[in-house]
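Which chain is which? The protein sequence lines are A and B, in order.
Take the first sequence: its letter number 35 is residue 26 in the working numbering, and every next letter is one higher.
Take the second sequence: its letter number 254 is residue 245 in the working numbering, and every next letter is one higher.
One or more hints might be untrue.
Since the list can't tell identical chains apart, any single copy or any two copies may satisfy a pair.
[To be verified] Calculated cross-link-like contacts (lysine to aspartate or glutamate; reagent style DMTMM-like; alpha-carbon spacing at most 25 Å):
#  : residue 1 : residue 2
1  : Lys206    : Asp146
2  : Lys74     : Asp230
3  : Lys115    : Asp181
4  : Lys192    : Glu203
5  : Lys179    : Asp230
6  : Lys206    : Glu90
7  : Lys70     : Asp146
8  : Lys179    : Glu203
9  : Lys115    : Asp97
10 : Lys74     : Asp156
11 : Lys25     : Asp156
12 : Lys65     : Asp146
13 : Lys37     : Asp97
14 : Lys192    : Glu59
15 : Lys30     : Asp123
16 : Lys144    : Asp73
17 : Lys115    : Glu90
18 : Lys122    : Asp240
The hints are simulated quantities; they were obtained by calculation from the structure and are not laboratory data.
2 protein chains.
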Amino acid sequence: MKFGRFEQQGRVFFGAVEGDQVTELEGSIFETYKATSEKHALSALKTLVPCMPYNFYCAGLNYAAHIEWANQRKGTQTKLPDKADVGYRSPNALIATGETIVIPADAPGPVQYEGELVAVIGKKARNLSEKDALSCVLGYTLGNDVSDRGWQKSDRTLWRAKNCDTYKPLGPFIATGLDPMNLTIAIKIDGKVVSEYSTAKMLFSAQRYLAEISKYMTLWPGDVLWLGTDGATIPDLADGMLCEVVQNDIGVLANPVRRARA
Amino acid sequence: MKFGRFEQQGRVFFGAVEGDQVTELEGSIFETYKATSEKHALSALKTLVPCMPYNFYCAGLNYAAHIEWANQRKGTQTKLPDKADVGYRSPNALIATGETIVIPADAPGPVQYEGELVAVIGKKARNLSEKDALSCVLGYTLGNDVSDRGWQKSDRTLWRAKNCDTYKPLGPFIATGLDPMNLTIAIKIDGKVVSEYSTAKMLFSAQRYLAEISKYMTLWPGDVLWLGTDGATIPDLADGMLCEVVQNDIGVLANPVRRARA
Chain A
-8 MKFGRFEQQG RVFFGAVEGD QVTELEGSIF ETYKATSEKH ALSALKTLVP
42 CMPYNFYCAG LNYAAHIEWA NQRKGTQTKL PDKADVGYRS PNALIATGET
92 IVIPADAPGP VQYEGELVAV IGKKARNLSE KDALSCVLGY TLGNDVSDRG
142 WQKSDRTLWR AKNCDTYKPL GPFIATGLDP MNLTIAIKID GKVVSEYSTA
192 KMLFSAQRYL AEISKYMTLW PGDVLWLGTD GATIPDLADG MLCEVVQNDI
242 GVLANPVRRA RA
Chain B
-8 MKFGRFEQQG RVFFGAVEGD QVTELEGSIF ETYKATSEKH ALSALKTLVP
42 CMPYNFYCAG LNYAAHIEWA NQRKGTQTKL PDKADVGYRS PNALIATGET
92 IVIPADAPGP VQYEGELVAV IGKKARNLSE KDALSCVLGY TLGNDVSDRG
142 WQKSDRTLWR AKNCDTYKPL GPFIATGLDP MNLTIAIKID GKVVSEYSTA
192 KMLFSAQRYL AEISKYMTLW PGDVLWLGTD GATIPDLADG MLCEVVQNDI
242 GVLANPVRRA RA
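Kindly produce the complete structure, drawing on both the sequences and the hints.
Structure follows, in structure tokens:
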């Protein structure tokens, strides 16, 4: 099953997506809902970010080849993490599929994509075992953890390196029933695959992250956990490009890139 | 004027607080509201966290004496920051005045308070000048940035050092019309003042932080900016203590401390 959040003439609703048809739902997929008799063509609706999280967790370093590639590029010696310490991003930066990633005029760059699997929490949870951890997940969507490598190096925190407005594309839909540890994620620039990896290579599984987080924190419906990216994240994003994160069951998160003028 | 958010028999509403009386408001202080004829005794209501932020900004290192004290204690040489790089906290950790700070059974500690001034955003804003930055602020409240110094050192990120459930007391009320750069904040343990400082000593002003953030990020109604703490943050928090953050115009953010049993 695939859920989306949509807007039509100022009205916002959740929908169930089948092919290019959307069945309108009454209620919230994070509380209770039921299908209505209203059907829409997907193309007739504006697709919104599928959820607005209160808690925005991000695994950060979660694939060996990505860390090794970053070390080679930067001449650093960042070690593989030895435990699942989670980081944070901020909702101001979220945009939906189709919306534009705007690189600030003064961004030092390079600005790069990071295509990621995202777990969307569906049920309030605390103290989950690793075995039961996925029971709190409603489904999975895609994220692009757009990152300014210059600011990542110069700033004390990741605030503008990772959280400028438009730097967190999320969507298009939330797909249920997937195994998060066995999916192929591809990133395309202008229609050409530039990166492809399997989520089987996560250093710490989705289950492990959720169990660790829930030892100390209540997981809430609508919270998201971004699970990291693998490999190189080039070519750098530049004005006029189209960047797509693709997974067959979830769909395509497609965002054009624009550089703001000073 | 002082605003609060309250619960009575499952009903949640904003109110205007005068002394120990609350005038119930219709609507939201972050959108539109009007006073009703309903009055309540403050003691008859449960005081909630005054707002639920989507974006939870935290100045982190923003007072020289706190950084110098931490350096002495830890034998570190953290320099004063040379620019206003903002960090993040997570809403799961928020609790209201009167609610209990629960230290996890496996927390290495020491666990310490950090009493802070908090700016609450009232209006959507982007690209504010430093001169106009406070125009987006609805008012000010108090926060306690409870921190586990052991996890702060051992973990790659500040996730459980700063964001365990209950580690972010916020409130009690939002006071309007204050000068954020000229307030005295006191912290009391079991009724005795253990720390007192003036917000005049911020390294980067509230105005400066808001202007910097809004260069890259849209500020939204209900977002919060925690402005850092000064000086030492001892004695360490322990089971049975009462920790209060006090500012005369805003009120008292009072939270008992409990250590969870393994």
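Results for each hint:
1. Lys206 / Asp146: between (30 Å within a copy, 15 Å between copies)
2. Lys74 / Asp230: Answer is neither: 37 Å inside a copy and 28 Å across each miss the 25 Å cutoff.
3. Lys115 / Asp181: Neither: 39 Å inside a chain and 34 Å across chains, both beyond 25 Å.
4. Lys192 / Glu203: Within one copy only: 19 Å inside, 38 Å across.
5. Lys179 / Asp230: within (15 Å within a copy, 54 Å between copies)
6. Lys206 / Glu90: between (36 Å within a copy, 20 Å between copies)
7. Lys70 / Asp146: both (20 Å within a copy, 13 Å between copies)
8. Lys179 / Glu203: neither (32 Å within a copy, 33 Å between copies)
9. Lys115 / Asp97: Between copies, since 22 Å is at most 25 Å while 41 Å is not.
10. Lys74 / Asp156: between (30 Å within a copy, 20 Å between copies)
11. Lys25 / Asp156: neither (34 Å within a copy, 32 Å between copies)
12. Lys65 / Asp146: both (16 Å within a copy, 23 Å between copies)
13. Lys37 / Asp97: neither (31 Å within a copy, 47 Å between copies)
14. Lys192 / Glu59: within (14 Å within a copy, 43 Å between copies)
15. Lys30 / Asp123: Answer is neither; intra-copy 35 Å and inter-copy 47 Å both fail.
16. Lys144 / Asp73: both (22 Å within a copy, 14 Å between copies)
17. Lys115 / Glu90: Intra 30 Å, inter 20 Å, cutoff 25 Å: inter-copy only.
18. Lys122 / Asp240: Result: close within a single copy only, 24 Å intra versus 50 Å inter.
Checked against the numbered hints above, the structure violates hints 2, 3, 8, 11, 13, 15; every other hint is satisfied.
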